[in-house]
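What follows is the residue order along each chain.
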Amino acid sequence: MKPFIISLLVLITISCSSPRYHGAEKAADRLELYPDYADIIIPCNIAPINFDVLSVADRCYVEMSGGDKTFILRGPKVRIPERIWHKMLAEAKGSRISFKVFVKRDDKWLQYDSFTCTVAQESIDSYLTYRLIEPGYSNYGYLVLRQRDLSSFKERDLYNNALVSERVEQQCINCHSFRNYNPDTFQFHARHTDGGTIIVTGGKGTKIKFMTGDMISNPVYPSWHPQENLIAYSLNSTSQLFIAKGNQKVEVYDTKSDLVLYDVYTEETDYIVRDSLSLETFPYWSADGKTLFYASAYLPDFGAGPSTDLSMITEKIRYNIWSIGFNPQTREFGTPTLVFDAESDSLSAVTPRPSPDGRYLLSGVGSYGSFHVWHESGDIYLTDLETGITRPLDEINSPRAESFKSWSSNSRWIAFTSRRDDGSYTRIYLAYFDLEGNAHKPFLLPQRDPDQNHRLFKSYNVPEFTTDKSSWTPKRIEMIIHSDPHQATLIK
Amino acid sequence: MLFSQTLGLIAAVAIILIYRKWFESGKHQILFILSSVFVFFPIIGIYAMIPAVFIVLDKRDKRVAACLAAVIICICVPLLCSFLPDIYLRINRKYVFMAGLPYMEFQDNIICMIPLFLAILSTLIIPFTKKVSLRFSVLSLTVAVVLLAAFTNWDSNFKAVLSMERAISYNDWNAILRLAKRHQEPTRVQVLYRNIALFQKGRLTEDMFKYPDGSASLRTRANIPVSYICAAPVLYYCGMVNSCDRLVMETSASFSKNIYFYKYQARNAMLRGEYELARKYITIVSRNWFQGKWVRRHLSLLDNPDAMKTDCEFSLLLALMRQDAGEYEAVEPLESMLLRNFSNLEYVNEQIYEWQMATLLSWKDSQKPVFCFFNRASLFPGSHVTTGIAEAIALFASMTGDTGLMGNLVDILSSQKTILRQFGNFSNSMNMTRDPQSEKAREQFKKQYGNTYWFYYYYNDISALL
Chain S
-9 MKPFIISLLV LITISCSSPR YHGAEKAADR LELYPDYADI IIPCNIAPIN
41 FDVLSVADRC YVEMSGGDKT FILRGPKVRI PERIWHKMLA EAKGSRISFK
91 VFVKRDDKWL QYDSFTCTVA QESIDSYLTY RLIEPGYSNY GYLVLRQRDL
141 SSFKERDLYN NALVSERVEQ QCINCHSFRN YNPDTFQFHA RHTDGGTIIV
191 TGGKGTKIKF MTGDMISNPV YPSWHPQENL IAYSLNSTSQ LFIAKGNQKV
241 EVYDTKSDLV LYDVYTEETD YIVRDSLSLE TFPYWSADGK TLFYASAYLP
291 DFGAGPSTDL SMITEKIRYN IWSIGFNPQT REFGTPTLVF DAESDSLSAV
341 TPRPSPDGRY LLSGVGSYGS FHVWHESGDI YLTDLETGIT RPLDEINSPR
391 AESFKSWSSN SRWIAFTSRR DDGSYTRIYL AYFDLEGNAH KPFLLPQRDP
441 DQNHRLFKSY NVPEFTTDKS SWTPKRIEMI IHSDPHQATL IK
Chain U
476 MLFSQTLGLI AAVAIILIYR KWFESGKHQI LFILSSVFVF FPIIGIYAMI
526 PAVFIVLDKR DKRVAACLAA VIICICVPLL CSFLPDIYLR INRKYVFMAG
576 LPYMEFQDNI ICMIPLFLAI LSTLIIPFTK KVSLRFSVLS LTVAVVLLAA
626 FTNWDSNFKA VLSMERAISY NDWNAILRLA KRHQEPTRVQ VLYRNIALFQ
676 KGRLTEDMFK YPDGSASLRT RANIPVSYIC AAPVLYYCGM VNSCDRLVME
726 TSASFSKNIY FYKYQARNAM LRGEYELARK YITIVSRNWF QGKWVRRHLS
776 LLDNPDAMKT DCEFSLLLAL MRQDAGEYEA VEPLESMLLR NFSNLEYVNE
826 QIYEWQMATL LSWKDSQKPV FCFFNRASLF PGSHVTTGIA EAIALFASMT
876 GDTGLMGNLV DILSSQKTIL RQFGNFSNSM NMTRDPQSEK AREQFKKQYG
926 NTYWFYYYYN DISALL
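Sequence lines, in order, name chains S and U. Every letter in the first sequence is one number past the one before it in our numbering, and letter 21, counting from 1, is 11. Take any residue in the second sequence, count from 1 to its spot, add 475: that is its number in our numbering.
In isolation and in its complexed conformation, chain S is listed as follows (with noise of 0.2 Å):
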């Protein structure tokens, strides 16, 4: 037994004692990492950020320091315990956490440039509420609404469709959206087997059917107002076509699409904005619900009509973001402004986001049409609202598409979606933005292992934030699923 006793704790005093890389050499190689994460600002109540040395080495560690404390970290796949991490958070808020890799290399342990991320004072929200989808056109499996806490790894099912859908009788789900960043009210479509919109407001939950009339189709694309019970929808007839040829695979357009608002307290929807000569869609609400911002092409523009075959024209097709006032007392609506004019610079603008302090606006930019997930060219920009300057922001922009995207609700953090890594599969990317309305580096959402990454062969979309976890669970709602429908009633 003594033997033993001895031996175990010669083992531990080994494998105890610190690393004998002290006076390495600086390596004459560039450090690569996965994911980026160096030089990046990141909120002060993230989850670990951690990472993979790519950098070839046959052992690997590194420092990780913050406040007066450092701790080592076994590498290459660099995980970091979640107690170790929010402690170093809370030491280096408002300052900065750095990083020193060391890795041995035919006997010689070398040391890397250490790099830093700056924790910021300002907060993100907790959870992020996504879509998992493969990118794929008109077919789905296996669709999930999830929500990630983003102080650790923890993620859940809000719904997947499993519990309805399976195979032969399919159920899509989309468009989730919450009112204020609020978790408990919210609402998403789901198409197919047992559709209807589903709307969730506090502890109750409603399957709602809008197709009534001469109403172009089911609502689309919502924003909820803010403050009062009010969705805005666009109305979306949408066609694809499928390309042969090139690395754009396929081209998503819309056919017609109008604007309505649906009172989730009476169930009545009305037009907003309805004119067969443009295609008006993405409506999104300004943080103080007075204003309705949109994109919409005019079909004159581009030589079209409400007759002309748009299948024929879709690199024509160009959106401008429009706003137009809205009185919450009266629920009238104003005159349309231009906000953005992206057509003048032969650009098409769509998804507007206008930041929660009002200061800025958000879209969504590409070379023509309106889907731009698909076109390489899809783009973030910039419009600050107070001078009307608008400018792409380069600073998390990438050459591969841009697409969905959201504020925090301290309108200090952007997610969004990207397909910057390898051009088909969409991931989250988180960026900070500063009182100067400047973007800084953007960063892939942390996961435990970041490998995820490349072995998940789905899309993460419609990233949204929300201040808590949602009560509701996936059986809960499925219950809403399965109840009858309320028909919604078309005023006009």
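Just so you know, the hints here were simulated from the structure itself, not pulled from any lab data. Careful: at least some of the hints might be erroneous.
[What the hints assert, rightly or not] A few chain U residues facing chain S, derived, Cβ under 7 Å: (1) Arg747; (2) Glu749; (3) Pro780; (4) Asp781.
We put the CB at the ideal spot given by N, CA and C, even for glycine.
Following the hints, complete the assembly by docking chain U onto the known chain S.
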């Protein structure tokens, strides 16, 4: 699918072993049944019930109570699981008793449920049989064998398709051609695979009408379309990589992701120059123990993409990708997609010309091939004309009645006069036959001209291409 069934059975056997090792001697069989079904049902579905049936069968004193308890547990636990919030999040109540089974194939095929009914019936009968006699065992085994034989698909075409797919995965084009020769009434899938093999051997329009053609039924229970079975290889080897990618993505999203699809997705990405995406797919393929050779080959090409231009597989596909194809609207019948892809009549290169002519001739288009043929002949005077094309153009030129056109053809085919002579004989025989569409005439022409385009044109039904 087979994989999940095997895993289900392995898990069921493991549960039985656990029971044998630790619970058999105790008096907690019912508790064990209850807990094993409760724990394992969400993981392995219906297979969690196999141990329950086994335990009841295995008990020496087959008490009615134990058997009834097993049946009740097997019915109630899955239902209960499907109602529990938070724990069992992905159980669809409608198919709760089919979880883990390939129940898409069960749709509208109640006959496939017979084994399940038999299992339930056996469980209920067991208590009333004091001991299982030899006669009863032999009878059970016989019934099982008969059922298995009755519901097995013995279709030789299906077997040939599987062998062809295996050969495609090894690029063993000779094996496909051997199989194509052997089956006289092939399905469209076999015909398409045969054409791929002929193209790879450089003999598509030379030999395609010398092989049996046909459109035999696929004999699938769920009426599965041709495109679902063979779209990936056909579109890929025709250089239609975007369409291939789309169909693979759609199918794998709807049914299941697997190595077969990942391999096509990897190669499509390589051909489009999307190397990061290709590496992602190859990495996932590399996790399979049996794909080492394939992975090494494709990683080496990925490390040196220029090598694709000289690689025998990729160089052909890169040549085919130069086809100026437009936009497609919706999922179409597979052979219509081929026709549309190769309907641009401009001469691009020999590879595209081969598929263009093969497709147009398959569809019995009598005008476009004539244009393509004379266009190429004017661009490359003296170039070789394959037998299939020569036969087709002779037929189409004679159908126009244009003597000038016929004269040009005679000039072009000056070194292949035998074909023109044979065509003369064929035309005479046709004119002299009283009822060319009769079965007797068909058999007669098949003996003499079964290996020619003329026989294909007059006697092959192409309605299955639509």
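Hint check:
Evaluation of the Arg747(U) hint against chain S yields a held restraint, the C-beta minimum of about 6 Å falling below 7 Å. The restraint placing Glu749(U) at the interface with chain S holds, with a minimum CB-CB distance near 5 Å, inside the 7 Å limit. A distance limit of 7 Å between C-beta atoms decides the matter here; for Pro780(U) the minimum to chain S is near 15 Å, and the interface restraint is violated. Using the Cβ-Cβ criterion of 7 Å, the hint placing Asp781(U) at the interface with chain S is not satisfied: the shortest such distance is roughly 19 Å.
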